[in-house]
Amino acid sequence: MLNRRTLRIKVMQALYAYHQAVGSDYLLAVDRIADAFAPDLNSPEPQDRRQLQGQRKLAEVIFKEWHKTGQEPEKTDDADVNDAVQDAIKFYQKAVAKDATYYGGQMVHAAESIHDQYIHLLNIPEALLQVIEDEKERAARRLTAAKEPLLDTARLEQNPVIEKLMGNLQLQDLTIRRSLKWHGEAEMEALRTAWRTEIKQDPELLSYLAAPAGNYPEDQEILKHLYKTYVFKGTSLPAYIEEDDLNWEENRPIVKNLVVKTIKMLDEAADEKLVLMSLSANWQEDKEFAESLYRQTLQDDEKYEKLIAESVQNWDVERVALTDKILLKMALCEMHLFRAIPVKVTINEYIEISKMYSTPKSKQFVNGILDKLAQDLTASGAIRKSGRGLLDNQ
Numbered sequence: 042m043l044n045r046r047t048l049r050i051k052v053m054q055a056l057y058a059y060h061q062a063v064g065s066d067y068l069l070a071v072d073r074i075a076d077a078f079a080p081d082l083n084s085p086e087p088q089d090r091r092q093l094q095g096q097r098k099l100a101e102v103i104f105k106e107w108h109k110t111g112q113e114p115e116k117t118d119d120a121d122v123n124d125a126v127q128d129a130i131k132f133y134q135k136a137v138a139k140d141a142t143y144y145g146g147q148m149v150h151a152a153e154s155i156h157d158q159y160i161h162l163l164n165i166p167e168a169l170l171q172v173i174e175d176e177k178e179r180a181a182r183r184l185t186a187a188k189e190p191l192l193d194t195a196r197l198e199q200n201p202v203i204e205k206l207m208g209n210l211q212l213q214d215l216t217i218r219r220s221l222k223w224h225g226e227a228e229m230e231a232l233r234t235a236w237r238t239e240i241k242q243d244p245e246l247l248s249y250l251a252a253p254a255g256n257y258p259e260d261q262e263i264l265k266h267l268y269k270t271y272v273f274k275g276t277s278l279p280a281y282i283e284e285d286d287l288n289w290e291e292n293r294p295i296v297k298n299l300v301v302k303t304i305k306m307l308d309e310a311a312d313e314k315l316v317l318m319s320l321s322a323n324w325q326e327d328k329e330f331a332e333s334l335y336r337q338t339l340q341d342d343e344k345y346e347k348l349i350a351e352s353v354q355n356w357d358v359e360r361v362a363l364t365d366k367i368l369l370k371m372a373l374c375e376m377h378l379f380r381a382i383p384v385k386v387t388i389n390e391y392i393e394i395s396k397m398y399s400t401p402k403s404k405q406f407v408n409g410i411l412d413k414l415a416q417d418l419t420a421s422g423a424i425r426k427s428g429r430g431l432l433d434n435q
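Reminder that position 68 of the sequence shown reads as 109 in our numbering, one-by-one numbering, no gaps.
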């Protein structure tokens, strides 16, 4: 199931994408100033290109100073310069606000898409049986005998666990409502290739097909084996899924856990009303955690930037890796915002994330900065913890 570390990673990725977009917004705003003072080639009157260039440079300087300080720029004697600066500021502010909303929504979608991928992959057995049926039909239409006898797949086709899965009412409902059936030409071709080049030769499958039917635990195990070996590993299916889902590599362990647990739940007593796995124990609460962390980290960005700058001795904060700065700001936000999460838990979580997503030396850097800031902020009362097992300021 989805855990808080995965949510923190999703927030980090959203913030990283947001900051990249903001950089582009800044350049586009500067371009608007350049466009405002570009020579008009269709003008009937001759234009003073030197004057236009001077106006552009002055407007750019004023805009860049506003961007750096956040203070309202003073008016100049040139109305055109003032208008160009105000236009650039309004454009930039609107674009930044739009990006903040967009990437926050993308973050939630990225998390919720994990459950969609889980439902999507639960439809593979039905699609695999269709591949087998198509193969049989092609063989029946052949005018000449095949070089090799057709594999007897009767036991797999009659696998009661697959039948229970295909008959699950919730799976059928979610598949229809979210269009998650495994049927697209590209994915069916990946499945056909996996069947033809990998699955058909699998020793465990061949042994299963050769054995007599009626052993339910074996029916469960073969389905679990096919998923583990050819969906979450293997060649053809993982290659397709990874190409289709850019977050597959980091989401795969979660989806695998959901699928394997579902197969275990499909015991002999299970019926069509079996409730499938949820994204998390309390998705609404987890969603609010992620959205609050994202939103508040952005809102207090300048405050956390200042705290980090004051803690980085002999090092320009601008030279700190963007990923490290985002992780530090998120950790500081979490310490302030979520009073029931122990400081040590927060620090350890962001150290672990830095190992996976930042530079080789980030672990020590993030640990050192957060440890110092946590002590200082706790001592000053800026961070107060309360809840079960916690005391304020501890």
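Check the hints yourself; a few may be wrong.
Subject to a maximum C-alpha distance of 30 angstroms in a straight line, what follows is the list of computed DSS-like cross-link-like pairs (lysine-lysine) [unchecked claim]:
(1) Lys-385 <-> Lys-413
(2) Lys-297 <-> Lys-314
(3) Lys-305 <-> Lys-274
(4) Lys-328 <-> Lys-314
(5) Lys-135 <-> Lys-177
(6) Lys-344 <-> Lys-402
(7) Lys-426 <-> Lys-396
(8) Lys-347 <-> Lys-328
(9) Lys-347 <-> Lys-297
(10) Lys-241 <-> Lys-328
(11) Lys-131 <-> Lys-105
(12) Lys-396 <-> Lys-328
(13) Lys-347 <-> Lys-305
I should point out that these hints are in silico values taken from the structure, not numbers from a laboratory.
As the structure is a computational prediction, the values presented were derived from the model and not from experiment.
Status of the hints after comparison with the structure:
{"no.": "1", "hint": "Lys-385 <-> Lys-413", "result": "holds, 12 angstroms"}
{"no.": "2", "hint": "Lys-297 <-> Lys-314", "result": "holds, 22 angstroms"}
{"no.": "3", "hint": "Lys-305 <-> Lys-274", "result": "holds, 19 angstroms"}
{"no.": "4", "hint": "Lys-328 <-> Lys-314", "result": "holds, 27 angstroms"}
{"no.": "5", "hint": "Lys-135 <-> Lys-177", "result": "violated, 59 angstroms"}
{"no.": "6", "hint": "Lys-344 <-> Lys-402", "result": "holds, 25 angstroms"}
{"no.": "7", "hint": "Lys-426 <-> Lys-396", "result": "holds, 26 angstroms"}
{"no.": "8", "hint": "Lys-347 <-> Lys-328", "result": "holds, 28 angstroms"}
{"no.": "9", "hint": "Lys-347 <-> Lys-297", "result": "violated, 42 angstroms"}
{"no.": "10", "hint": "Lys-241 <-> Lys-328", "result": "violated, 42 angstroms"}
{"no.": "11", "hint": "Lys-131 <-> Lys-105", "result": "holds, 14 angstroms"}
{"no.": "12", "hint": "Lys-396 <-> Lys-328", "result": "holds, 24 angstroms"}
{"no.": "13", "hint": "Lys-347 <-> Lys-305", "result": "violated, 51 angstroms"}
When each numbered hint is compared with the structure, violations occur for hints 5, 9, 10 and 13.
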